[in-house]
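So the sequences go chain by chain: R and F. Each residue of the first sequence is one higher than the last, beginning at 1 in this note's numbering. Each residue of the second sequence is one higher than the last, beginning at 1 in this note's numbering.
The set of hints was computed from the structure by calculation and includes no laboratory data. Model, not experiment: these values are computed from the prediction. Hints should not be assumed to be uniformly reliable.
To be verified - Calculated lysine to aspartate or glutamate pairs in the DMTMM-like style (CA-CA distance at most 25 Å, straight line): (1) R:K11 x F:D67; (2) F:K68 x R:E107; (3) F:K42 x R:D63; (4) R:K78 x R:D57; (5) R:K11 x R:E107; (6) F:K1 x R:E107.
As the list claims (entries may be wrong) - A short list of chain R residues far from chain F (calculated; beta carbon distances all over 12 Å): (7) G16; (8) Y18; (9) V19; (10) E44; (11) T52; (12) P61; (13) N62; (14) F65; (15) E71; (16) T76; (17) R84; (18) L103; (19) R110.
What the hints assert, rightly or not - Facing chain R, according to a computed beta carbon distance under 10 Å, are these residues of chain F, among others: (20) Q34; (21) L44; (22) L89; (23) R108.
Positions of the beta carbon are idealized from the N, C-alpha and C atoms, including for glycine.
Here are the chains, one letter per residue:
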Amino acid sequence: GAGVSQTPSNKVTEKGKYVELRCDPISGHTALYWYRQSLGQGPEFLIYFQGTGAADDSGLPNDRFFAVRPEGSVSTLKIQRTERGDSAVYLCASSSDSNTGELFFGEGSRLTVL
Amino acid sequence: KQEVTQIPAALSVPEGENLVLNCSFTDSAIYNLQWFRQDPGKGLTSLLLIQSSQREQTSGRLNASLDKSSGRSTLYIAASQPGDSATYLCAVIQSYNTDKLIFGTGTRLQVFP
């Protein structure tokens, strides 16, 4: 596609529920990133994929968070037993395998946990 | 641990003014630095990327400079317009291998007519 696409754009759920957020990167981009942005803050790194494998998952806050990218394109961020503190905008970005390291972001999925 | 700070946190100016937004980082061993724009409720749009070997980059009315040794970058906006109103974020990448961006908290800019 022309840009990074994220669905849903908004998700409201109840505490304790399971949530999946989807990211469709720019076609041909091998690197994919998930970030989380709380109100008034800059985005914080969660996980980075190079192809199908998670090259760096050091930003995942705990084991309730998990992400997959089974075919090296679309990625899904999964959150189990959601808590109110998980409420944030979850941003996905992709980049080509180049030396510039320039990232292109989607518009994000706004998650609200009631 | 790398920390990125942006000053000021918010800025409100009349149309036509030339602006300087500041970004500082504690670890000067960066791979590159990127400036982004974020409109309310939207994702991030890349404005300028400066490689560690470069001193500045320009795009239209925007100019970003990088002084790696002192851990600073500035974004200069010439002849500001109401359409420039947004939050401006800077972010650094520590090395080519990681590609992990470390963001500042942003400068919220409002340009009024």
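Results for each hint:
no. : hint           : result
1   : R:K11 x F:D67  : 41 Å, violated
2   : F:K68 x R:E107 : 30 Å, violated
3   : F:K42 x R:D63  : 28 Å, violated
4   : R:K78 x R:D57  : 13 Å, holds
5   : R:K11 x R:E107 : 14 Å, holds
6   : F:K1 x R:E107  : 28 Å, violated
7   : G16            : 27 Å, holds
8   : Y18            : 24 Å, holds
9   : V19            : 19 Å, holds
10  : E44            : 7 Å, violated
11  : T52            : 16 Å, holds
12  : P61            : 15 Å, holds
13  : N62            : 19 Å, holds
14  : F65            : 16 Å, holds
15  : E71            : 20 Å, holds
16  : T76            : 18 Å, holds
17  : R84            : 20 Å, holds
18  : L103           : 6 Å, violated
19  : R110           : 8 Å, violated
20  : Q34            : 7 Å, holds
21  : L44            : 4 Å, holds
22  : L89            : 6 Å, holds
23  : R108           : 9 Å, holds
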